[in-house]
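Listed below, chain by chain, are the residues.
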Amino acid sequence: MLRFILSRFARAALTIGMVVTFAFVVLRLSGDPAQIILGADAEPEAVDAFRASWGLDQPVWLQYFHYFGAILSGDLGRSMRDGRDAMTLVLERIPATLLLTLPALAIKLALGIPAGMLAALHRNSFLDRAVMALAVAGFTVPSFVLGLLLVLVFAVQLGWLPSGGQGTWQHAVLPVITLGVGGAAVLARFTRSAMLEVLGQPYIRTASAKGVPWGAVVRGHALPNAAIPTVTIIGFMVGSLIAGAVVVESVFSWPGVGRLLVVAVANRDLAVVQCVLLLVAATMVTSNLVVDLLYGVLDPRLRSR
Amino acid sequence: MPEAPLIPVTTAPAAPRRRLPVLVILALGWIGLMLAVAALADLIMPFGITQLDLRNRLSPPIGFGGDWLHPLGTDELGRDVLSRLIASIRMSLFVAFGATIIGAVLGTTLGFLAAQFRGLVEQVVLALVDFSASLPFLILALSVLAFLGNSMWLFIGLLGLHAWERYARIARGLAIAAAGQGYAAAVRQLGASAWRVQLRHVLPNIASTLIVSMTLAFPEIILLESGLSFLGLGVQPPATSLGSMVGYGREYLTTAPWVLLAPACTIILTTFAVSILGDWLRDRLDPTLR
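The listed protein sequences correspond, in order, to chains C and F. Counting from 1, position 10 in the first sequence corresponds to residue 14 in this note's numbering; the numbering is continuous, with no gaps. Counting from 1, position 8 in the second sequence corresponds to residue 36 in this note's numbering; the numbering is continuous, with no gaps.
Hints listed in this document are in silico derivations from the structure and should not be mistaken for laboratory results. Wrong hints could be hidden among the right ones.
A few chain C residues that don't get close to chain F, going by computed Cβ distances all over 10 Å [what the hints assert, rightly or not]:
1. 15
2. 26
3. 66
4. 79
5. 85
6. 87
7. 145
8. 160
9. 231
10. 277
11. 298
Which bits of chain F does chain C cover? Going by a derived footprint, with three or more residues having C-beta under 8 Å, they are [stated by the list, open to error]:
12. 191-198
13. 202-208
Heads up, the beta-carbon is just placed ideally off N, CA and C, and yes, glycines get one too.
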């Protein structure tokens, strides 16, 4: 068990290292930030001064080491646009994003899991087909189209809800629904197939054959086993709480991390993009790690290893 | 050897000639239509995609007060929505096909490499898989696109990285499993090289699983492409794709919703059709993938 935990931690650390390297390679070697920020017709002296102050005049490998060291000490650089601390800029936006993604996660779980379970338990029934048709529809409608359609109906035609921006709770309704519906569809599909897989196992048949009531078979044998793969996808959803709303935030002009990222990308604001990238990766990796460790709790077969 | 009576193999689906479900027929029909539109785009486009008709700006589609000159209406600049839609379908399908194939080839190759050499190579591939799983693809794509600039080929190649790890995982697992089976050992004993075993014997055996994965990845790539183009970070003007049309049409949501609705419906129907087809193929070809 200890070995299992340690190896998971090592893999998580390695993955973070790879993300840092990736960020460095892509973001630093791709162009000349000084030219981009200051414009092509900037004074050479200004460009040189800019490079020196950002450390861009040093050899690449030295930049890489400094970069790793800076990140380890928690310094993620300053926004090249307004000189503010990149980390602060990003952290400021997180509450706004969570205001959308947390309720959306609740909707996903509350709709997706029961729907998937019901569909699996009534396989090939009308209910199953209806749930699956809705799930495919929810999955194939892109979030920006769904969001804009909701705006068209509820904001433009009916005038019930605001079409964008942040302020009252009404502003959050449409983005939360947009985010929740797609995720619920994915989760329903996933839960259904996990459940079907389990229901086909011999131990379910054995339990039924020895006279256990069907309800008890489902609760005692099917659900715990189906929970194991479902936890993976829920972990993924928890991991994407911070970055899962990039498109939806843009649709609704919601001032969250996603909107910040899109603007930073358009402005080629390296420090901010790096910061979001690392933060997202760290959240993802942590959540994957928790899922792996949860596996050990949920699945007794892993505990003995 | 006396001839054994032919016994139908009961484990394989006994192929009862079931009729295609109606939904699958409709899906196939829609996909066929889209492919035909993409192939014949230059012939059937009534106008150029940048051609302006300033006397008919924001003219509505037929049924909402429009005329046959512009069946799906025009946008703010008087550009024909139908023509732009046709060009967009061609662009989106081209990008999605290219990216799906790149992802499948890349992932399968890496999966085979991992299965063939094990050891360090396998660890590197698995570490890369971990890396892919640690970043939502949209975030990765956003950073690469913005910082490497945007060109058509970079964009397609980047989308090709989507889902590569899925093929790699499947190909590695199946190749390792296949290597333990009689037929692979038999060909190896006959002196076939490792690559011959993998490509001529293992690949055909796992092809159905890979094809199903491709059908499932295809709509995801369409959604990614349109999402990125919607954000203005994908296909760049003057070229147009379904996503960038929606992004442009968003400005006229209140005055001319048809500019947005035409590409939006096309995206939904196409991803829906391919998903239906993929689910159906998966059920038919590969029951283990559920």
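Exercise. Among the hints numbered above, which are violated by the structure, and what are their numbers in rising order?
Worked result: 1, 2, 7, 8, 10, 12, 13
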